[in-house]
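Let chain D serve as the given structure and place chains R, Y and P on it in line with the hints.
There are 4 protein chains.
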Amino acid sequence: MTVKVGVIGTGMIGSEHVGRLSRQVVGARVSAVFDVATERAAEVAAPAGATAHTSWEALVADPGVDAVVIASPGELHPDQTVACIEAGKPVLCEKPLATTPAEALRVVQAEAATGRRLVQVGFMRRYDLGYIDVKKAMSDGTIGEPLLAHAVHRNASVPDFFQGEMSMTDSVVHEFDVFRWLFDSEITAVTVVPVKQSPLGAPHLRDPQIVLLRMTGGEVVTVESFVNCRYGYDVRCEVVGSLGTVSLDNPRTTVVIGGAGRSERMPADWRERFASAYLTELQVWVADVAAGRVDGPSAWDGYAATAVADAAVTSYGKGERVDIDLAAKPALYA
Amino acid sequence: MTVKVGVIGTGMIGSEHVGRLSRQVVGARVSAVFDVATERAAEVAAPAGATAHTSWEALVADPGVDAVVIASPGELHPDQTVACIEAGKPVLCEKPLATTPAEALRVVQAEAATGRRLVQVGFMRRYDLGYIDVKKAMSDGTIGEPLLAHAVHRNASVPDFFQGEMSMTDSVVHEFDVFRWLFDSEITAVTVVPVKQSPLGAPHLRDPQIVLLRMTGGEVVTVESFVNCRYGYDVRCEVVGSLGTVSLDNPRTTVVIGGAGRSERMPADWRERFASAYLTELQVWVADVAAGRVDGPSAWDGYAATAVADAAVTSYGKGERVDIDLAAKPALYA
Amino acid sequence: MTVKVGVIGTGMIGSEHVGRLSRQVVGARVSAVFDVATERAAEVAAPAGATAHTSWEALVADPGVDAVVIASPGELHPDQTVACIEAGKPVLCEKPLATTPAEALRVVQAEAATGRRLVQVGFMRRYDLGYIDVKKAMSDGTIGEPLLAHAVHRNASVPDFFQGEMSMTDSVVHEFDVFRWLFDSEITAVTVVPVKQSPLGAPHLRDPQIVLLRMTGGEVVTVESFVNCRYGYDVRCEVVGSLGTVSLDNPRTTVVIGGAGRSERMPADWRERFASAYLTELQVWVADVAAGRVDGPSAWDGYAATAVADAAVTSYGKGERVDIDLAAKPALYA
Amino acid sequence: MTVKVGVIGTGMIGSEHVGRLSRQVVGARVSAVFDVATERAAEVAAPAGATAHTSWEALVADPGVDAVVIASPGELHPDQTVACIEAGKPVLCEKPLATTPAEALRVVQAEAATGRRLVQVGFMRRYDLGYIDVKKAMSDGTIGEPLLAHAVHRNASVPDFFQGEMSMTDSVVHEFDVFRWLFDSEITAVTVVPVKQSPLGAPHLRDPQIVLLRMTGGEVVTVESFVNCRYGYDVRCEVVGSLGTVSLDNPRTTVVIGGAGRSERMPADWRERFASAYLTELQVWVADVAAGRVDGPSAWDGYAATAVADAAVTSYGKGERVDIDLAAKPALYA
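Sequence order for the protein chains is D, R, Y and P.
The first sequence: position 54 = 66 (the numbering used here), numbered continuously.
The second sequence: position 158 = 170 (the numbering used here), numbered continuously.
The third sequence: position 260 = 272 (the numbering used here), numbered continuously.
The fourth sequence: position 76 = 88 (the numbering used here), numbered continuously.
This is chain D alone, in the form it adopts within the complex:
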């Protein structure tokens, strides 16, 4: 059985998804696309042999679409996801699930009302071999009882339109999800500590920053956010347990020795670093859809991450602790 996928949004990440679904994922084909930029949509549709729809609603309704990938601007995600739920179609929604906790909660409640999971949120890190090995070391006793973690999240640079708060909602939101998942615990408070700014970034970025997360179980996570580190893309963490620690490091293929000493290359960007994770995410999702289930990061995960990001934006620039009160968790996500 081939899963026929409709893709809403054919910007950078949407067209990458179309490419992967067409050429690298087994058991899927892209049957429909939509983008407000209709020319762009047509260009992406053609090589995939897909229909270019004139509205996302038409795409969702298309009987030739078994499942939907949403890669449109974040503000549109809740309406589009809820439409998929109402159509009974599995949907993989890129992060964020919504731009406000209230909107995210609306999706959660819509799905919970149906009594079954249809929504997966695009937290692709959970499919990275490194993070999977970190989680394994946390659960198989290797490091004893996990207590705290340190993380760095660095990008070489950001585009001019990037606002400082986006470091929380667009970059560090991945850390919010990943540590919720690794510790199997909710984040209860966030403090964004201002740091001396890099002279190389735009002043409005207030870059870098240190984000302190407190979790239900008492675990604490420190996250460095630096969207303008210049040298590359650098995502690492060390989880500390009662008996030892496990660290995620950048993947290594080769070591070069020469004028610069002994050196290992760093990833240039998230596209390079997480290429495999994106592919695995799609492959597993397609196989799950074919098997009639949805198993990945849930609408609840999307809601919780959005709630933390919202609190982080409140704390941003102030250094004050902001507590997070989540809604009651529907039984569907237990």
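Calculated from the structure, these hints are not laboratory results.
Quick caveat: nothing in here was measured; it's all calculated off a predicted structure.
Among the hints, erroneous ones may be present.
Unchecked claim - Chain R stretches covered by chain Y per the calculated footprint, using a threshold of three residues with CB under 8 Å from any CB of chain Y:
id, region
1, 238-247
2, 276-283
Stated by the list, open to error - So the derived label-pair ranges between C-beta atoms look like this:
id, chain 1, residue 1, chain 2, residue 2, range
3, D, Leu-291, Y, Pro-211, 37 to 47 Å
4, D, Arg-128, Y, Pro-211, 35 to 45 Å
5, Y, Glu-198, P, Phe-173, 47 to 57 Å
6, Y, Ala-303, D, Ser-169, 47 to 57 Å
7, P, Gln-36, R, Ser-151, 40 to 50 Å
Stated by the list, open to error - Pairs of lysine-lysine residues, derived as BS3-like cross-links and limited to a Cα-Cα distance of at most 25 Å, are as follows:
id, chain 1, residue 1, chain 2, residue 2
8, P, Lys-147, P, Lys-341
9, Y, Lys-341, Y, Lys-147
10, P, Lys-341, P, Lys-101
11, R, Lys-148, P, Lys-208
12, Y, Lys-341, D, Lys-208
13, Y, Lys-208, D, Lys-341
14, Y, Lys-208, D, Lys-148
15, R, Lys-147, P, Lys-208
16, D, Lys-330, D, Lys-208
17, D, Lys-208, Y, Lys-147
18, D, Lys-330, Y, Lys-341
19, R, Lys-101, R, Lys-16
20, R, Lys-208, P, Lys-208
Here a beta-carbon is modelled for each residue, glycine too, at the ideal position from N, C-alpha and C.
Relative to chain D, chains R, Y and P alone:
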């Protein structure tokens, strides 16, 4: 277009290929299998929806087979490969291409006579990201002019039927191919130097050994062969150039700190270490076949590696240098 | 010229200093010792050919003592250091300079009143090759403008008498000094964030903890304090600048590959990790004394570290930010 | 007791020894120096307060000289060492002990005739912490039974007067000694395999080369010799045992992340890499002399290394195996 693949031999590696072609490779399906162990063949055929043939000749002749994968015992490879050539069908033959240089040369000549490439030999390392990065550093000037290399090839253990000479024909043969490829040069002489034997291996293994390769361009490669190193699978190399060096190291996902200090896990076996390389090899081969070409390691590569392995077996246990005289290289492989 | 050193306190660290001064430091000998444990003092004095005094006042007054090392309990440091100042004798006082900021300030003022430096505080890390290389990378442009740092400070275990607050005054105090030195900046506020406790440590330890330091220049430092990590002694940091980062890692001599994978040994304790630093500290101090100067960490450094430790104890267990108001800095320390 | 040392030869290494003995080694002072370059000798003597002798014979005879360090040209070592033996004075002779095996044997026999050890040869690597840890892992069971080793020995560049054979007698001779010591076994044969030459070195250097050592116990060692590697000084090895391996890597203090990726600095030259080893060598030798004994690398070690170097020069450029027949080993060295 879906490439319909027939697989000859459904032992360990053959059935792994069937699994990959069925579930992980885009654009292929397994349409036929054959094995002298007919029950085993039937078991493998069923989930793939493939025909289980009663002879390999029938499989090759099957019009429902577009291309063939050969994973039978090595002695059968030349006849089976030549049959594919005669049938005009692309064939991916597991290493070795043949068990003697003469037999391998027979395949080369059969293919050369047709004037076009149909044969690819299963040297999957050329699809490993690490080796690809090594080759890149050798050709883009990073290390200057490549001059020599050091390699280690270690297996945790070998089965009881393993004969010492098989360390040359089955294990180190991968090094023969990979250094021919990396240096873009033929191996002209091989010396297998006996070493103090490990007390933990069977005496007939004469394990470990050091293999010295001299190449057309004057490059020299030292290879340690150790099929009984106990601790895991460990394949590494350092290529030394006039300006620096590039090393292939084991992939790293995580680092654990604990009672044993700071540690990185080693691969357990070649299946784990080269899983991605095997998959990429098949994926690229299928895409090539669909595009009407064969581009990977050639019959000539298979012949040259077999000739070096043959010389290594001659040197084995004696420590004497054995020169290698290759036949004239047909223009097809220029 | 041989510097004749008197050592007050012959407990663990005091007797180690006597051993180093006797056998490893060029240009020094131990001429006098004192300890309230008179038998212990006599034992330590004998092999060094030193006089065992009956009071520390007598040792300071001894004309056969050119310079003094203080390794007595912290509460006694201010009186003993001030006595050395009054006697005009150079003094190397083990950390802490005092157990309260007021007492430390008393030493500072006593020294400042004399108009010349006689006091050095035993922050031996400043003599560690690794930290020296970190400082070099921070000042020579390698990492651009330094902005923030992450540090971990872990001990395998602590003795039963260890109180939780001692993690601030005895362990992390080294971090307070080292980051003041590295950033050439004062610490203006400290927050000690409580973390889920390790089940393997005594409950009163509240172990581990995360300490957040804010500095005059806006730099922020996160420090993990874990006095009960079980696996060894682990002191590392990463300093982040506008162009790159520099990390202090544990020294490496060898790498072992075996059953546990690829591993590097960790130091067992601070004695192993900082043995060279302690020796260099003493050697440089003795050479400085012989040259008529004192150049190492100053009484002001001791006062500032004590003030930060005091604020950390106030914050300990509460997670509240505590600001630090240092006294005016005498010109002597400019 | 202070050991009064006379130093013969005040070139680079000789004057470095004078500096260390004067300023860094406890329990020694330089009382006399000699060099045919009398001005140079006088310059070196003055700050140390040493007598500048007009002949090395006078220095050896000087009653104010307790022990001698020889750092003159290698051709003079045997006569000078034998003179020290005859004078009954402990002598630390820089490598090589002699430039021919016969001359080295003359020293061995002269010392053996006295029935007690007076000669130590300057193989300072045996005092390097890394090599000491390698030896420990080889003898404490960590890697099982040691079977073979791989080594690289690279220098950034060599002076114009450097002849190719000097790579064997001056550089790789350290490897000859270190593997004899690590394996506690003699080298019985050496093969120097010519390699494609680096275009960046003088043609007469025939650089790099691969040297194959066979040892009494059947162990085999491969050594890469590269005196013109450009990027720095790089001495590493991996010793392979029946259960695992131990590798000597370059010492690490810090890791820098930046434009070149994640990098560790390499040592610039042997002076930087082995500074501590040279100091420890002298310190231990002085303490031994003061205690009336000589314990380090012996005249026998110097002879054996010279014999291997001589065989390597014979093999140099030919690639032929040259066997080594050592004289009978006097009981003194058992």
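So, going through the hints one by one against the coordinates:
With a cut-off of 8 Å between beta carbons, the region 238-247 of chain R has 4 residues touching chain Y; three or more are needed, and the interface restraint holds. Check on the region 276-283 of chain R: 3 of its residues sit with their Cβ under 8 Å from a Cβ of chain Y, so the three-residue criterion for coverage holds. Taking 37 to 47 Å as the suggested C-beta distance range, the pair D:Leu-291 and Y:Pro-211 conforms, at roughly 40 Å. For D:Arg-128 and Y:Pro-211, the Cβ-Cβ distance of about 39 Å falls inside the hinted range of 35 to 45 Å, so the restraint holds.
The supplied range of 47 to 57 Å is met by Y:Glu-198 and P:Phe-173, whose beta-carbon atoms lie about 56 Å from each other. Under the hint 47 to 57 Å, the C-beta atoms of Y:Ala-303 and D:Ser-169, about 50 Å apart, fit the expected range. For the pair P:Gln-36 and R:Ser-151, the beta carbons lie near 48 Å from each other, so the given range of 40 to 50 Å is met. The hinted pair formed by P:Lys-147 and P:Lys-341 meets the criterion: a straight-line CA distance of about 23 Å does not exceed 25 Å.
Taking the CA atoms of Y:Lys-341 and Y:Lys-147, the gap is near 23 Å; set against the 25 Å cutoff, the hint holds. For the hint pairing P:Lys-341 with P:Lys-101, the CA-to-CA distance comes to about 23 Å; that is within 25 Å, so the pair holds. Distance restraint check for R:Lys-148 and P:Lys-208: the Cα-Cα separation of roughly 20 Å lies within the 25 Å cut-off, and the hinted pair is therefore satisfied. The straight-line distance between the Cα atoms of Y:Lys-341 and D:Lys-208 is roughly 24 Å, inside the 25 Å bound, and the hint therefore holds.
Between Y:Lys-208 and D:Lys-341, the direct Cα distance comes to roughly 24 Å. Compliance with the 25 Å bound is thereby established for this hinted pair. Pair hint Y:Lys-208 plus D:Lys-148 holds up; C-alpha atoms about 20 Å apart against a cutoff of 25 Å. Simply put, R:Lys-147 and P:Lys-208 have alpha-carbon atoms about 18 Å apart, close enough for the 25 Å limit, and the pair holds. Between D:Lys-330 and D:Lys-208, the direct Cα distance comes to roughly 13 Å. Compliance with the 25 Å bound is thereby established for this hinted pair.
Straight-line distance between C-alpha atoms of D:Lys-208 and Y:Lys-147 comes to about 18 Å, which keeps the hinted pair within the 25 Å bound. Under the criterion of a C-alpha separation no larger than 25 Å, the hint pairing D:Lys-330 with Y:Lys-341 is inconsistent with the structure, at around 30 Å. With a C-alpha separation of about 11 Å, the suggested pairing of R:Lys-101 with R:Lys-16 holds against the 25 Å cut-off. For a cut-off of 25 Å, the pair hint linking R:Lys-208 to P:Lys-208 is broken: about 29 Å separates their Cα positions.
In summary, the numbered hints that this structure violates are 18 and 20.
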